[in-house]
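Residue numbers (the numbering used here), protein chains in the order written: chain F, 219 to 437; chain G, 398 to 744.
Any given hint could turn out to be false.
Only part of the chain G face toward chain F is listed, based on derived beta-carbon distances under 8 Å [unchecked claim]:
hint, residue
1, 530
2, 534
3, 535
4, 536
5, 563
6, 564
7, 565
8, 588
Computed list of chain F residues with no C-beta within reach of chain G, every gap over 10 Å [what the hints assert, rightly or not]:
hint, residue
9, 240
10, 241
11, 294
12, 333
13, 347
14, 358
15, 386
16, 398
17, 423
Derived by calculation from the structure, the hints in this document are not laboratory data. Where is the CB? At the ideal position from N, CA and C, for every residue including glycine.
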Amino acid sequence: MASLPNQQETITLDTFLRGLWQENPVFVMLLGMCPVLAVTNSAINALAMGLASTFVLVASNSLVSLMRHFIPKQVRIATYIIIIATFVTMVDYAIQAISLELYNALGAFIQLIVVNCMILGRAEAYASKQRLGATIINGLGIGAGFTFALLCLGIVREILGAGSLFGFDLFGDQFQPWVVMILPPGGFFVLGAWLLLFNWLRTRREAKLLETEGAPHDG
Amino acid sequence: MPDLKITTDLRTSPHLKQVVTVPQIMRNVVYALLPVCAYSVFAFGLSVLLLLITTTLTCILTEWLYCRLADKPSSLDDWSIVITGLLLALTLPPGFPLWMAAVAAFVAVGLGKALFGGLGYNVMNPALVGRAFVQAAFPVAITTWTPPFLPGRFQELIPTTLTQPFMIPPDINGWIEQQRVDAFSGATPLALQKFEQIITPLPDLVLGSIAGSAGETSALIIILGGLYLAARKMLDWRIPVAVMAGAIIIALPLWLVDAARYPDPLFVLFSGGLMLGAVFMASDMVASPVTPWGVWIYGLFIGMLTVVIRLFGGLTEGVMYAILLGNAISPLISNMTQPRIFGSRDS
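Looking at chain G on its own, in the form it has when it is part of the complex:
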């Protein structure tokens, strides 16, 4: 039958596919992130704007370079790289030197994503890989905090921002004193709680008038962004919920036993990077488990580990390492929670 034309498209299942594409999802995540970025620029000023631009551009450049070297079609138009860039900037301190931010972005895309084969193959959240690298490489710069809502934040940059490449950022304490901010000790709410047992009031945490990383200021805007994504089914709502539940499971009993030593669960939820991590980072589609039960285990694990690191570890914040560890074990979780195949029996 040489003349027979086969018009049937032979392919394996699934035959029904979701209409929504990867670039669409990624673009929506960017939309959800933009208010967080905007508020961060509003709170910390021009330095954060430069930080966002630097990390995003470096991420795009690294991805472009990778596609060139690996002879792959350009993957810039799927927008995922923009998310990595924005998220990375949001995890860094507002006055983080730009050259260090560029290093972080390069490591994030190069080590966290490109070497594993690009989007869809990354074992861990790329932005957090980048942050973990600079946390280990520049431990001082990444814990130098500045107060939010300084009067001159739109006229001048934080002095550390424009540090010359490969040089030590200048000392910032004198500059903070000049700003005449009352009672700013250069500490985040988490550090205040940990070392001085001072609990920052909840409204400040929710609205974001606190020191901290660029994106861990206003929990409210992060939640709104998460709700938008969850409503459009572009975010697995189980992950943020499970992370928060996991945090409460550890924090609540401790607080009930000894309220003077341990922070209340609401403080735990709204302080630090927990909210940003739970909504935008733990929910990384590639690096989280694929089974419904697996997702719950994964989220609870991250939440519990975060609080354990915060309360019993040497660091003030544990979200980053908790999520990275969660990413690392998520293939294992997926394997262990495979649903029973319909019609088959349990062994």
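Chain F with its partners taken away, still in its complex shape:
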């Protein structure tokens, strides 16, 4: 972890980019697997879920960061949960108002953002120690990384499982859908395949760095 306790991070481009790649919540930290597997059966669901989670993450982490000196240590988790739940309720109502169809597709997983360990983890590990600015930038990065990961899964599963992308038909009506990709096992298969790809890329990059520099980039 780059963020040590009581050490304020200066905002750099890395504050944002880290969440996208180096500390990607799904592909590296494997956090928040429940929505990752459950609602990525189409790209639009994945996008909605990613954006909703990003909003809750940034908003709740900002509030946690602002109140970090007032929250007693003993009840901090409960306080975080209340803060997160407030924003989840807002998102819940907002999605209902914007698109009832989407709301029904996402089901209980909107409310379950409350217990998404990624958001609670960021509140505990980052927002409760850092200033507001860094928290927002970092939250946006992590949220973007989460959305990116969900989209990776959603796009593959929708293309193979329904032959469409964001609801647009890609291959005509003669396309044979891969039923398994829409079903829960498909989520596991596709997640496993993406993890394989990203881990492979990472080990290759690290091996290359080791060759050129003689030491790993961030040991």
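Assemble the complex: chain F is given as a structure, and chain G must be docked to it using the hints.
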């Protein structure tokens, strides 16, 4: 003593090894499978030949790709990959679209074998992993059956075989009617038994003049292949015997109680993929338990589960899932049935 040359080869036990090597065993399994393949081509025609070639080539290609990417020495010459390819084709319907068969073969080797580290590390039978995947992905295509011994089977392909990649296979019912096959309902003996209580006569099952997957036609040839392997000690005879015994244990009492509702044990043994599964798939050396008692438990479990799925489940055939589950629990069985070490006492 700097000049002393050590000529003794230091190594741990076992010091006596079997002369027979992995490629030899695998090649013999291929020999035992070839008659099954040949009969299947004879019964269903050119489509099955193409199916066999497609799955085997895709399996070989996937394995080659894996060895390239993982920087491993090529493992193609141990023949195990050919077995996976042949077995996979034998579990598919004769008119299965070739592109779907290629997908199945890719998943079989990629997911079932390569990701676990290649031969010797696969948790489950690779061919069945591939089949389970396409069963879940393309449920319609994998239950589209065609009758055997059609007159034009060596001149034309089953229309679904050459479906364009990623497209829905054409409807086959009109084509089957054109062939003027009397009373073919597009159902396997198992489906006939399950939904219409029609028992296919035993000689048809043994000789293989029935609809079904490419390899589940003639039980006789499968048994002969199994006997050949068992005689050469390249197959643990306990596994097929235990699987069949397990099937009978469940089927016999049920049949005795209510012969009108439940099929007789011989029908259970010779119909569907039970024979192929028992002889060639459950006996996968890597994915089955290693202890003598464990092997019996494993086989009985598979046999019993197969019949339970067939008679009480929603599917008509349960061999595939039974074997996959058996594979999954086989490390546990091995652990629980460790023999007592000579000279030690039971706790």
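Against the structure, the hints:
Of the supplied interface hints, the one on residue 530 of chain G holds, with its beta-carbon coming within about 7 Å of a beta-carbon of chain F, less than 8 Å. The criterion of a C-beta within 8 Å of any C-beta in chain F is met by residue 534 of chain G, whose closest approach is roughly 4 Å, and the hint holds. Interface hint at residue 535 of chain G: satisfied, since its Cβ lies 7 Å from the closest Cβ of chain F, which is below the 8 Å cut-off. Residue-level restraint check for residue 536 of chain G holds (minimum Cβ-Cβ distance to chain F is 6 Å; threshold 8 Å).
The criterion of a C-beta within 8 Å of any C-beta in chain F is met by residue 563 of chain G, whose closest approach is roughly 6 Å, and the hint holds. Interface restraint check for residue 564 of chain G: the shortest CB-CB distance to chain F comes to about 5 Å, inside 8 Å, so the restraint holds. Taking 8 Å as the C-beta cut-off, the interface hint given for residue 565 of chain G holds, the closest approach to chain F being about 5 Å. Using the Cβ-Cβ criterion of 8 Å, the hint placing residue 588 of chain G at the interface with chain F is not satisfied: the shortest such distance is roughly 20 Å.
Here residue 240 of chain F stays apart from chain G, with its beta-carbon at least about 24 Å from theirs, past the 10 Å limit. No Cβ of chain G approaches the Cβ of residue 241 of chain F within 10 Å, the least distance being about 25 Å, so the stated non-interface status holds. With a least beta-carbon separation of about 41 Å from chain G, residue 294 of chain F lies farther than 10 Å from that chain, consistent with its non-interface assignment. Distance to chain G confirms residue 333 of chain F as a non-interface residue, since its nearest Cβ pair spans about 30 Å, more than 10 Å.
Listed as outside the interface, residue 347 of chain F is consistent with that label: its C-beta sits roughly 39 Å from the nearest C-beta of chain G, beyond the 10 Å cut-off. Listed as outside the interface, residue 358 of chain F is consistent with that label: its C-beta sits roughly 35 Å from the nearest C-beta of chain G, beyond the 10 Å cut-off. Annotated as non-interface, residue 386 of chain F keeps its C-beta farther than 10 Å from every C-beta of chain G; the closest such distance is 17 Å. Chain G draws residue 398 of chain F into its interface by the beta-carbon criterion, the shortest separation being 4 Å against a cut-off of 10 Å.
No Cβ of chain G approaches the Cβ of residue 423 of chain F within 10 Å, the least distance being about 16 Å, so the stated non-interface status holds.
Checked against the numbered hints given earlier, the structure breaks hints 8 and 16 and satisfies all the rest.
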